[in-house]
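Asker: Sequence:
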Amino acid sequence: MDAPMTTKRLILAALGLCVLPAQGAERYAGEAVPRAGGAMLYREVHYIDGGRHVVSYQCPDGKPFARKLLQTHGDPTRPDVQYEDARSGLRETVRATGSKLDIHVARGGDGERAKTIDIPAGAVIDAGFDPYIRAHWDALGAGATIPFLVASRFRFFDVKILGGKVVDGQRHLVLKLDAWYAFAAPTIEMTYGAKDHRLLRYEGMGTVRNAKGKGIDVRIDFPVSGRDLDVPAAAVDDVLKAPLDGHCTT
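Going left to right, the sequence shown walks through residues 34 to 283 as this note's numbering numbers them.
Think of the hints as simulated: they come from the structure by calculation, not from any bench.
Mixed in with the good hints there might be a few duds.
Stated by the list, open to error - Once the Cα atoms are required to be at most 25 Å apart in a straight line, the calculated DMTMM-like pairs of lysine to aspartate or glutamate come out as:
| id | residue 1 | residue 2 |
| --- | --- | --- |
| 1 | 209 | 222 |
| 2 | 193 | 145 |
| 3 | 198 | 254 |
| 4 | 228 | 211 |
| 5 | 96 | 135 |
Construct the entire structure; sequences and hints are all you get.
Answerer: Right, here's the structure in full:
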């Protein structure tokens with residue numbers, strides 16, 4: 034055994050730690066349908082591999098048309114985000130530098146818009162909402178208000194979280210804009226498993242937009258039976274390299 038590895042194991046042993054084999058990535062998926070019901074619009078396949086979270090958005094025939102990469106460099110509620118939709122050419126990039134957030138949005142042939150904004154205290158970005166929920170699970174019954182980023186608007190909006198009681202092993206959360214015009218914005222509803230605090234259902238405006246560039250009100254179920262906890266990291270790399278189909282319609 035080489036000396037550096039021996040030294041590393043000795044240090045871990047001295048700290049009372051054990052050396053465990055590397056675990057694979059987690060994969061789970063859900064099918065998006067219109068919130069009011071109907072045929073599948075697209076499929077989301079999520080891969081969580083350490084500090085990176087990759088989402089592959091797939092046509093009903095399985096071809097990927099969009100992709101999101103979230104990378105955590107510290108606070109898991111504020112990941113850097115890269116999103117690309119090959120159908121419209123939409124690209125969104127969110128990257129934190131200290132207390133500032135650099136946002137870049139490009140829509141096809143319209144050119145790129147960029148803005149740097151301040152990150153407010155307690156801010157949550159994109160899928161950082163999931164680790165926020167897990168970290169504040171016990172306090173959710175009293176509700177909370179968080180600044181949540183909408184990258185396409187280059188700003189944070191205050192979102193009110195209404196947390197219900199755990200019923201039949203699930204907790205149902207309702208998210209609303211904390212503003213006078215909240216009545217005009219669609220409500221988001223999310224259901225989490227009470228035991229593992231994992232997302233089971235999402236209802237609201239999804240990441241994917243329609244052919245006119247408008248948000249789609251969807252319902253996405255993430256069945257527990259479809260989770261795989263031992264996906265090779267190489268498989269996640271392949272998802273990041275896969276070409277995106279620009280002809281899928283939703």
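Asker: Work down the list of hints and note, for each, if the structure agrees.
Answerer: Now the hints, each set against the structure:
1. A distance of roughly 9 Å separates the Cα atoms of residue 209 and residue 222; the hinted pair therefore holds under the 25 Å criterion.
2. Between the alpha carbons of residue 193 and residue 145 the distance comes to roughly 31 Å, so the proposed pair goes past 25 Å and is violated.
3. Annotation: proposed proximity of residue 198 to residue 254 holds, straight-line Cα distance about 20 Å (limit 25 Å).
4. Between the alpha carbons of residue 228 and residue 211 the distance comes to roughly 29 Å, so the proposed pair goes past 25 Å and is violated.
5. Taken as a hint, the residue 96 and residue 135 pair is broken in the structure, with Cα atoms around 31 Å apart against an allowance of 25 Å.
This entry does not satisfy hints 2, 4 and 5, going by the numbered hints stated previously.
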